[in-house]
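A.B. asks: As given, the protein sequences belong to chains A and B, one line each in that order. Read left to right, the first sequence gives residues 1 to 785 (the numbering used here). Read left to right, the second sequence gives residues 786 to 1057 (the numbering used here).
Please note: incorrect hints may appear among the correct ones.
[What the hints assert, rightly or not] Far from chain B, some chain A residues (derived; all Cβ distances over 10 Å):
no.: 1; residue: Ile274
no.: 2; residue: Lys302
no.: 3; residue: Ile532
no.: 4; residue: Tyr556
no.: 5; residue: Thr683
[Stated by the list, open to error] Quick list of in silico lysine-lysine cross-link-like pairs, BS3-like style, CA-CA up to 25 Å:
no.: 6; chain 1: A; residue 1: Lys83; chain 2: A; residue 2: Lys342
no.: 7; chain 1: B; residue 1: Lys954; chain 2: A; residue 2: Lys418
no.: 8; chain 1: A; residue 1: Lys751; chain 2: B; residue 2: Lys1052
Derived by calculation from the structure, the hints in this document are not laboratory data. Note that the Cβ used here is the ideal one computed from N, Cα and C, for glycine as well.
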Amino acid sequence: MKRLLLCTLLLGVLGSTYAQNKATLSGYVRNAADGEVLLFANVFVQELQTGTTTNHYGFYSLTLPEGKYTLSISYLGYQSIEKRITLNGDTELNVDLQEGGQVLQEVVVSGKAEDEAVTEVAMSRIDLPIQQIKKLPALFGEPDVIKTIQVLPGVTSAGEGTSAYFVRGGSADQNLVLIDEAPVYDVSHLFGLFSVFNSDIIKSAELYKGGIPAKYGGRLSSLLEVTTKDGNDKKIEGAGGIGLMAARLSLEGPIQKEKASFIVSGRRSYADLIMKEIDDLDGTTVSFYDLNAKVNWRPNNKNRFFISAYDGRDIWKFSDDFKMGWGNTTATFRWNHLFNEKLFSNTTLVYSDFDYRLEDLDVADGFVWDANQREMSIKEDLTYFANPNLTLQMGYQGIYRRFSPGTISPNNEGSIFKETQLQKLGALDHGLYLGAEHKVNDRLSLQYGVRFSIFQNIGKGTIYEYEDRTDNVEVVVKDSTVYGSFENIKVFSNLEPRFNARYRLTPSSSVKFSYQRMAQYIHLISNSTVPIPFNTWAPSSPYLDPQLADQVALGYFQNFKNNTFEFSAEAFYKQAENVTEFADHANVFFNKHLATEFRQGDSESYGLELFVRKVKGPLQGFASYTLSKAVMDVPGINGDQEFVANHDRRHNLNLALTYALSDQWDVGTNFTFSSGRPITLPTGKFQFDNYQVDYFSGRNGYRLPDFHRLDLSVTYNSRKNKDRKFKRSMTAGIYNAYNRQNPYTIYTRKKQDDDGNIIGDGTEKEARLVYLFGIMPYFSWNFSF
Amino acid sequence: MKNQSILYIGCLVFLSLACEKTIPLDPGQTPELYVVEGLITNENIRQQIKVSRSQGFNDAGVSAGVSDAQVVVTDDQGFMMEFTEAQPGVYKSKEAFAGEIGRTYTLTIEHNQELFTASEMMNTMGTIDTLLTQIDPEEEADPDEDGRFFDILVFMTEPQETENFYLVKFYRNGQLENFDGEDVYVFDDVAIGENLSALPGPVYYAEGDIAGMELYSLSRKAFRFYSDLNANINNDGGMFSSQPANVSTNLEGGAIGYFQVSALDKKEVTIQ
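Could you put together the complete structure from these sequences and hints?
C.D. replies: And the structure:
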């Protein structure tokens, strides 16, 4: 497989070298109004019936025989333009596209070529329609990309009001989330009620469920790549709004016209301002904020720089005696450089930090508990546009990671606590990749590559040797080894081949196939169904093997009615080994011997995903249905028997539609249905002292009742917007329109009345079904200038 | 000790948005297992071992004791003591005896050709230095129960050179107080300093009440058992806490429950 791949690659390169009298046409495609580069815009050479799309940085490059050509450059939601060019020698051509060209141009569904779903080689990739997400109903009226991801085919969630998602049977920690190439480790605000992504700053968001290019690695199941806006480089613009939970404001504009721009965007919840004034709450407040900033500088067409930063936090205070908070900070420096028309370079420096803090302000048991993890990485990606039929990509990514799983310190003299620290863990992570996009002929296109990943678990640190490593009850340490700073504790490596193929059946239909192997070297230390912000991560180590997954997928893609409807059917099969689980009742917090709690095993999932999307006209949106199964087999869990995964759902049906009634009015609706979540319920009980203890016969043996919900929304754009610089819109909606009591979880307790008084002699137990949100109206007001 | 409560605060806040209702649960056939609740302390008393059976989830009433079992406790230095049935399922040592720190005790139970054993060492221990009382002003302003707004303040010494685990029981006028079997007070000494001072207890008292506290030393295994127990009876269905699961045990032979061997320290104070 590997050798074949290299041969194909080499042939492609050689083929291009022998071609004669060729010249390269290259440049950026941008939005004429604000200078934002357009990702995946179509550049088509009519005479040759061939073309390309701009890359993730808005750049394209085409090497063609010298001559005269008619180019058509198109992008959905923008006016296509045709350009006649004479190509004799390498030529730079930047194209600015005007928005519009369709009725209701603001309903841009997605940034891409019209028939991209059929023509692109990639499958299992969905770009999220940011503009449409803003018009769809949302919990508390706060548009959220994560909540939209949770309703995509092949994706499940643990329930409403959570920000964890599970892709094709994978666990919550198997998703890589990037904001401007910087990883975000916890995407939740308010324990998942909202995600950290402020929709005002997002330019595009793409989810890869499979067929992940060799350029990316590090997680088994998915990649979510969120790109923020560059900032308008022509004029100052602003936008903002206020909803039930948070207020937003962003400002963008040129620093140097058409050369440099900035954007800053902030979001803040304001419930704390009200809570402060309520005496009964005794100072209990809850708040969160997000701050994004980005500066772009384009000194010339050969060089482009940006610096992007994000900071967000949750701050909770409980009546002046307990505080907790968590947040992410990321920073990205990126330099795009054109060595020549054919060689594009992207150099990135990334910093990411996630931390949390718990603080007890009581005198006697006062403490501060801190934990964090930091990483710094350098990435170099090279793209070589060999010829119109072959693009090569290669690069390296190196990451230095430091995990600080916890420090407890007393915060006053009288505290019972003493300074205690869990040892820090370190790792160096390397990825080398080589990949190609290869147009074999008009019908067949391939994308293939391989990623070589190396992971060094490094010191300093102490590794304990246990009498029985899986005995988490009676921990007996036999021996220990001390490793010095940056000394290798254990080194892992994996070859991760990736392969995608597209075969075009007709101009509007294609079949696709993909295979990928992914390796994951860091593991989330969480044993709950939904991870919480107080979970830390751990590197692969002598007692924690890297997770590996192989996935194959086969898909059929067809567009109907002049690309108005996109239809796809994808079947996948995924098998993973060394998936990280934890022993029953594992102590995942502040455990010096966490290694004894690890349980690794296999997972298997398969399914069928049907997806239809309408991307043009007043009515837009998608419908999806997923039939899937996910099981796990982990020695040491469930009596070594296979069990259904927490995120297994047999059926999943989703509908998200927006309808533009007029220039003023938009309506939107969501409907979601899914099989109930598997849950572990007791089969019996026993008495110990005056405790009534549940007895379980197996894990995930029951299911919650089915989940379904309908949401509605309406958006009104002020009639006067046309003539005004200051434009206003209002959105109102209803979450859970028919007030379905959707099951959230079931717990058990001693039988008691509504006031908490025990009924009877305290020996009887009862099961309680918890459901979260009933019917909830919301309202938000937005503006832009 | 803190871990659970921190999790709790998070979950409670989240679930305050929620509504809930009681639903019927039909768990089908329930396996009937032997349950052992044994305790040997360093007090010179007739020690007690209870043997009962597990019940169906929907069963009411105290589970029937297992009668006519042969119950024997031995230690690693040749000591042997037989237990006799005092009430159905409740076995008391024939004579009073005090366990000793550092010795390992083995329990053997024979019943209907079934054999259950458990071994446990009596771990070292801290001491309760004193109990003081004080008024909790917030509780005084709005007491849950009339007149009950006194805290007890615990002063304790925790030996730093040994690895210790503790179980605490609180009493009010001789009555065990753990919020109707909802709270388990169990902690390890990982992040705890030598002197614990003025640590308020969880129970409120009225003037004239006698407040009692018992401190039990636990083995690591027993600490795990009580931590598991706490997680088991307070689980939220696994959304934010660990997956619901069985409580660990030190019994071999298929029984559940625990044979606990603890050093015990106790103090009382009259509220005034």
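A.B. asks: Hints broken by the structure, by number, lowest first?
C.D. replies: Violated hints: 3, 5, 8; rest satisfied.
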